[in-house]
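So the protein lines, in turn, are chains A and B. The first sequence runs 54 to 232 under my numbering. The second sequence runs 181 to 406 under my numbering.
For the record, the hints were derived by calculation from the structure and aren't laboratory data. Take these hints with a grain of salt, some might be off.
Pairwise CB distance ranges, derived in the manner of DEER restraints [said to hold, decoys possible]:
hint: 1; chain 1: A; residue 1: R56; chain 2: B; residue 2: F198; range: 32 to 42 Å
hint: 2; chain 1: A; residue 1: F205; chain 2: B; residue 2: S268; range: 28 to 38 Å
hint: 3; chain 1: A; residue 1: N168; chain 2: B; residue 2: N236; range: 36 to 46 Å
hint: 4; chain 1: B; residue 1: D305; chain 2: A; residue 2: D113; range: 52 to 62 Å
hint: 5; chain 1: B; residue 1: F198; chain 2: A; residue 2: K218; range: 49 to 59 Å
All C-beta atoms, glycine included, are put in the ideal place defined by N, C-alpha and C.
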Amino acid sequence: MARQAFYDVIPNKVIESESLQRGIAWVNKEISTPENRLILGATALMSQPFIDWHNKSVDDNTRKVSVCRTIAKIVAGTFTGYFIRKGCIKAIDKWSKLPTSVNKAGQKIKLNRLNTLFSPSNAISDLSDAFMQYKNALGTIVALGVMTITNFLIDAPLTKYLTNKFVAASGGLKHDNSK
Amino acid sequence: MTILNNMADLASKKFMTFKNYLYKNYGESPGEMLVHTGVLGWILSSAAQVFAIVINDKIPAKEKMFLIPQEFADAAVNIISFYVVTNSFTSVGNKLVKSGKLLTPKLKKYVDENKIKDIGKITTDISTGMKGDVRDDFMKFKGGVSIIFSTLGSILSCNIITPLLRNQYAAKKQKEIMAMRNEKSGANESVQAPKQIANEFVYRPLSMNDYQKMASLKFSGNNLKI
Numbered sequence: 054m055a056r057q058a059f060y061d062v063i064p065n066k067v068i069e070s071e072s073l074q075r076g077i078a079w080v081n082k083e084i085s086t087p088e089n090r091l092i093l094g095a096t097a098l099m100s101q102p103f104i105d106w107h108n109k110s111v112d113d114n115t116r117k118v119s120v121c122r123t124i125a126k127i128v129a130g131t132f133t134g135y136f137i138r139k140g141c142i143k144a145i146d147k148w149s150k151l152p153t154s155v156n157k158a159g160q161k162i163k164l165n166r167l168n169t170l171f172s173p174s175n176a177i178s179d180l181s182d183a184f185m186q187y188k189n190a191l192g193t194i195v196a197l198g199v200m201t202i203t204n205f206l207i208d209a210p211l212t213k214y215l216t217n218k219f220v221a222a223s224g225g226l227k228h229d230n231s232k
Numbered sequence: 181m182t183i184l185n186n187m188a189d190l191a192s193k194k195f196m197t198f199k200n201y202l203y204k205n206y207g208e209s210p211g212e213m214l215v216h217t218g219v220l221g222w223i224l225s226s227a228a229q230v231f232a233i234v235i236n237d238k239i240p241a242k243e244k245m246f247l248i249p250q251e252f253a254d255a256a257v258n259i260i261s262f263y264v265v266t267n268s269f270t271s272v273g274n275k276l277v278k279s280g281k282l283l284t285p286k287l288k289k290y291v292d293e294n295k296i297k298d299i300g301k302i303t304t305d306i307s308t309g310m311k312g313d314v315r316d317d318f319m320k321f322k323g324g325v326s327i328i329f330s331t332l333g334s335i336l337s338c339n340i341i342t343p344l345l346r347n348q349y350a351a352k353k354q355k356e357i358m359a360m361r362n363e364k365s366g367a368n369e370s371v372q373a374p375k376q377i378a379n380e381f382v383y384r385p386l387s388m389n390d391y392q393k394m395a396s397l398k399f400s401g402n403n404l405k406i
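Just chain B, with the same shape it has in the complex:
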């Protein structure tokens, strides 16, 4: 019982540390929270994709050896493009406010009264030493700008860059798999199968049949974006 009590105490302390960490780090940075939870969402959805392949009995072990690394590569493209683009946008938004490039009249008055130098330099932080109502206003303004920039970044990365990259990547991989399958079936059917016809089949656009064959390998497809 003592061991169980100690474990419960430890878990309770760790949970409190986790909650306090979230409060301290995300309480004043909603834009960063959007980026980090977005990345976590991509990681979990990618993990679910891999898990879906691992537990799928319809996929032979040999295919799994190819599909699992492919899923990891797909996940890496999604996560890296999301993080790099969205985080850069959020960071620019935060920096514009912190460096004093983007201000409200109230914050401008504060900057002038306190004779803050080097406005617009990336090393400048106008919030250093800021207290009271002005600090509240600053945090609210910075939070709003940060959310707007992170939302713009995530629109660009999730809805434009990632689909373009994914389409290119998926088409390339699908053709590789179909080519592999054609080579196998060609070898089984006839040793003297004309090479030219096989090549012509490999490089034409994917047909509906090809698409369905691919879908049967990946029953979950890209549904698992969360």
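Isolated chain A, as found in the complex:
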């Protein structure tokens, strides 16, 4: 009942604007997890440093390091997150061919064990929207596995390096006389 009451508040709407319809279709086709990561990274840069800057539980120096570290973390995480997701989805695309798949010249691709490694047996056409979303999903799952390793190898050292650079660029830390 409460759920229905919530939906009742929202008015019925028919989207007449053609550009808005095209925009929603574009989102469905073009936005997947790598782009989602980019959007999250960009919006994170607009919100998280401010949240850290207004954290009254820590002193000024700590707050400064915390803000620099947050920015560094977002930059490093977004950079690796986007490119690894994109790369893995591309790899899955290369190795998920179907009998309907054609190359750039329009000729049918000869199927072998490698280029069908990730092909599902219930997909009908490689041009379908569902098949594209499948490749995005599998590519993202593989990317998440890869990123558990690159987190240690790339993200952590890159975050540390960028944090130090940002702290230095912001004028360094005040001498702490509290101890």
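Dock chain B against chain A, hints included.
Relative to chain A, chain B alone:
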């Protein structure tokens, strides 16, 4: 060799079942895929955090006993807030399209021609019995709306709710650890150390030294968000 062949066959069949499952479940629900892979990402990054503490030789066993449950609690806050907020947004987006509250002119025409009743009721699904081009249009429209809603949900949860919760939680935990350490060092240095000074130290804002001490315990910090 036969056993190995059987195992390879079994693994191959299981892998095909997994691929077919992904195709069936995420092929037409990209918004749900974003939510589920997001949760999986949080789980893996939290597992990496715990693993980083477990293998860190610099952390004494006694500290690990405190830090590991703390990491699990931190992970639970992250995962639950992400899932609840993002999944709710995605579900609202899907429901708006399925119930016919949000339509394109083409879908509106379909609804009118088929005299679908109870538009806007949460139990209504205008896609029941839908076929051909209209179904394709419906799936594309629903997919786009679902992605927009899940992205909005993940922005709200990852960039606003979670950092606020985490800051509160981290500050509270850091103060608890510092208080524990101060009590220990106070007991070692002097039995007659004035209690008031110790309390004053515990409740003042964390200094840079405190922060660095904490960072030495958690060398990976919160880097491991993937």
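Numbered hints the structure breaks, given as an ascending list: 5
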